[in-house]
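Chains as they are written, first to last, in my numbering: chain A, 295 to 557; chain B, 295 to 557.
Because the hints were derived from the structure by calculation, they are not lab data.
Glycine included, every Cβ here is placed at the ideal spot set by N, Cα and C.
Any given hint might turn out to be false.
[Unchecked claim] Using 25 angstroms as the maximum straight-line C-alpha spacing, the simulated DMTMM-like pairs for lysine to aspartate or glutamate come out as follows:
| # | chain 1 | residue 1 | chain 2 | residue 2 |
| --- | --- | --- | --- | --- |
| 1 | B | 398 | A | 449 |
| 2 | A | 324 | B | 490 |
| 3 | B | 314 | B | 366 |
| 4 | A | 324 | A | 306 |
| 5 | A | 324 | B | 473 |
[Said to hold, decoys possible] Here are the simulated distance ranges between beta carbons:
| # | chain 1 | residue 1 | chain 2 | residue 2 | range |
| --- | --- | --- | --- | --- | --- |
| 6 | A | 325 | B | 323 | 21 to 27 angstroms |
| 7 | A | 322 | B | 449 | 52 to 58 angstroms |
| 8 | A | 412 | B | 434 | 29 to 35 angstroms |
| 9 | B | 309 | A | 412 | 31 to 37 angstroms |
| 10 | A | 464 | B | 310 | 33 to 39 angstroms |
Number of protein chains: 2
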Amino acid sequence: MTCLLKMRAMRDQMSVNERKLADFILENTKLLRDYSSQQLADVVGVSQSSVVKFSQKLGYKGYPSLKLAVYETYAEAARAQSGQSEGEGHFFRPDNPLSQLGQKKLEVLENTAGINEAEHIAAAIAAIRGARCIQVSACPGSIAVAKYLTYQLLELGCWAVFVESGQVQHRMANSLREEDLLCIICDFGGEETLLDVANSAREQGVKVLSLTRYNYNAASIHSDIRLFVVPADEDEGMQKLLFRSGQLHLVEGLVSGLLAQDS
Amino acid sequence: MTCLLKMRAMRDQMSVNERKLADFILENTKLLRDYSSQQLADVVGVSQSSVVKFSQKLGYKGYPSLKLAVYETYAEAARAQSGQSEGEGHFFRPDNPLSQLGQKKLEVLENTAGINEAEHIAAAIAAIRGARCIQVSACPGSIAVAKYLTYQLLELGCWAVFVESGQVQHRMANSLREEDLLCIICDFGGEETLLDVANSAREQGVKVLSLTRYNYNAASIHSDIRLFVVPADEDEGMQKLLFRSGQLHLVEGLVSGLLAQDS
DNA sequence: GCGCTTGTGAATAATGTATTCTCGGAGACA
DNA sequence: TGTCTCCGAGAATACATTATTCACAAGCGC
Numbered sequence: 295m296t297c298l299l300k301m302r303a304m305r306d307q308m309s310v311n312e313r314k315l316a317d318f319i320l321e322n323t324k325l326l327r328d329y330s331s332q333q334l335a336d337v338v339g340v341s342q343s344s345v346v347k348f349s350q351k352l353g354y355k356g357y358p359s360l361k362l363a364v365y366e367t368y369a370e371a372a373r374a375q376s377g378q379s380e381g382e383g384h385f386f387r388p389d390n391p392l393s394q395l396g397q398k399k400l401e402v403l404e405n406t407a408g409i410n411e412a413e414h415i416a417a418a419i420a421a422i423r424g425a426r427c428i429q430v431s432a433c434p435g436s437i438a439v440a441k442y443l444t445y446q447l448l449e450l451g452c453w454a455v456f457v458e459s460g461q462v463q464h465r466m467a468n469s470l471r472e473e474d475l476l477c478i479i480c481d482f483g484g485e486e487t488l489l490d491v492a493n494s495a496r497e498q499g500v501k502v503l504s505l506t507r508y509n510y511n512a513a514s515i516h517s518d519i520r521l522f523v524v525p526a527d528e529d530e531g532m533q534k535l536l537f538r539s540g541q542l543h544l545v546e547g548l549v550s551g552l553l554a555q556d557s
Numbered sequence: 295m296t297c298l299l300k301m302r303a304m305r306d307q308m309s310v311n312e313r314k315l316a317d318f319i320l321e322n323t324k325l326l327r328d329y330s331s332q333q334l335a336d337v338v339g340v341s342q343s344s345v346v347k348f349s350q351k352l353g354y355k356g357y358p359s360l361k362l363a364v365y366e367t368y369a370e371a372a373r374a375q376s377g378q379s380e381g382e383g384h385f386f387r388p389d390n391p392l393s394q395l396g397q398k399k400l401e402v403l404e405n406t407a408g409i410n411e412a413e414h415i416a417a418a419i420a421a422i423r424g425a426r427c428i429q430v431s432a433c434p435g436s437i438a439v440a441k442y443l444t445y446q447l448l449e450l451g452c453w454a455v456f457v458e459s460g461q462v463q464h465r466m467a468n469s470l471r472e473e474d475l476l477c478i479i480c481d482f483g484g485e486e487t488l489l490d491v492a493n494s495a496r497e498q499g500v501k502v503l504s505l506t507r508y509n510y511n512a513a514s515i516h517s518d519i520r521l522f523v524v525p526a527d528e529d530e531g532m533q534k535l536l537f538r539s540g541q542l543h544l545v546e547g548l549v550s551g552l553l554a555q556d557s
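Given these sequences and hints, build the entire structure.
See the structure below:
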């Protein structure tokens with residue numbers, strides 16, 4: 295707070311140029327983010343050195359300090375707005391294993407929601423709806439998720455098939471056509487087969503939708519539409535479990551989108 | 295969010311120096327404020343250019359951009375924490391369908407966590423671990439969940455089988471023994487077959503674990519261990535979807551319990 | 001071993017920031 | 001009015017930080 299406040303307080307005792315600067319910053323606080331001292335000087339119509347001197351007069355070491363201070367003001371304001379609301383609000387009952395799990399899942403779901411753009415979800419939904427046949431393939435760790443997705447798609451009237459064997463995967467992928475969709479689901483490792491399948495599918499002009507680990511996942515770069523899950527920071531078993539939760543969240547997101555379209 | 299998240303997500307795919315940088319930043323986020331690229335480099339023990347390259351690899355124009363992004367993360371996190379001090383705190387970004395879905399799921403998960411006693415969860419886990427063979431049966435709406443559960447159990451080394459057909463379900467159930475477990479999963483209707491199966495299984499002294507709708511569900515009263523999901527208040531399609539989310543949460547709870555036992 | 005990619009840091013170019021210095025106008029005073 | 005002084009302003013410049021280039025070394029497939 296102090297920072298912008300100070301400016302307003304000292305406004306009367308400032309020289310012309312200083313006031314111009316103060317006013318501009320107060321008016322366009324967030325613009326400051328992308329301005330260097332020179333740019334700010336140009337916009338306001340003063341010299342770069344005046345900007346620096348202004349910063350120093352307000353008690354900062356230089357322009358960057360002022361900039362940061364203005365930023366902190368923002369953060370602080372937001373935090374203040376928050377009030378108390380500490381205590382995590384959700385999942386009281388720490389004795390209950392479902393609550394503990396829920397807490398961890400919550401983080402994963404938030405991250406998953408944060409990392410996937412709405413338009414990509416929409417694209418995935420459109421691709422599913424537009425596909426004649428859908429082949430679902432998964433790495434070993436994601437087979438359960440693949441099965442889940444496949445059955446849900448069937449329930450929605452999509453021609454979806456999940457193939458477990460690598461050989462049959464190839465065979466099937468070869469019979470895919472342009473109107474079809476390949477959906478690959480992958481978490482940690484074991485994706486070599488998937489890559490081959492994805493590549494040969496793409497060569498035939500088949501669309502590929504991937505549901506993989508963020509970010510640079512080998513499987514994802516061979517896809518047209520990429521959805522991601524961010525791994526949680528846990529020991530191996532739990533990490534995989536939570537990762538599947540994230541994948542399921544994506545799947546549910548797709549299903550709910552398809553449902554919405556239907557009605 | 296995205297910024298620190300990205301780092302965590304990409305951690306595995308980073309080189310040694312990059313990981314050192316990522317870890318340091320994640321650990322000492324706020325220290326970054328006063329560090330120039332050179333200082334950060336010195337502290338972490340890499341060259342200044344590596345810091346810059348690291349920033350660029352994460353998608354920023356340069357080190358200052360990264361710094362600002364980290365700052366913004368802070369502000370956003372603070373704002374997120376605030377919420378409306380209600381359950382609204384999470385999943386800001388109302389434009390994102392995954393966030394909307396997440397918000398609804400959150401409620402279901404909380405309810406699910408609230409309604410199931412820890413001891414019942416523990417009992418279910420013990421029953422699964424103690425069983426020689428596990429038959430999974432489901433009503434039509436919960437087949438996907440049943441498949442998911444079954445595969446997870448297989449991954450954990452349990453002899454689990456999911457049977458879809460009613461006739462085969464009976465046949466299988468008849469060959470269950472006292473040491474075995476029947477797990478029935480059910481949501482809305484279509485549970486007649488399940489009841490028969492559960493009854494005949496119990497007559498043979500087989501334990502029955504149910505995962506049904508709260509509260510007075512026909513299937514649950516024929517069970518030894520009862521786990522519940524509370525339906526959400528939504529239109530039909532969404533309600534079923536969310537119900538499955540709750541079921542999956544129970545499944546995950548069981549799996550994480552089994553995992554914990556193993557290690 | 002040979003070429004290739006990849007990650008690293010030293011050197012350096014480019015950009016951004018702080019300081020110095022000079023200029024010109026406003027006021028004080030003879 | 002002349003001129004002295006003070007003060008704010010900007011040009012020039014010194015300094016710092018950041019970005020890029022380049023060269024080298026380790027790992028890897030052939």
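Results of checking the hints against the structure:
1. B:398 x A:449: 22 angstroms, holds
2. A:324 x B:490: 67 angstroms, violated
3. B:314 x B:366: Measuring from Cα to Cα gives roughly 22 angstroms; hence the hint holds.
4. A:324 x A:306: 23 angstroms, holds
5. A:324 x B:473: 67 angstroms, violated
6. A:325 x B:323: 21 to 27 angstroms: 25 angstroms, holds
7. A:322 x B:449: 52 to 58 angstroms: 56 angstroms, holds
8. A:412 x B:434: 29 to 35 angstroms: 32 angstroms, holds
9. B:309 x A:412: 31 to 37 angstroms: 33 angstroms, holds
10. A:464 x B:310: 33 to 39 angstroms: 37 angstroms, holds
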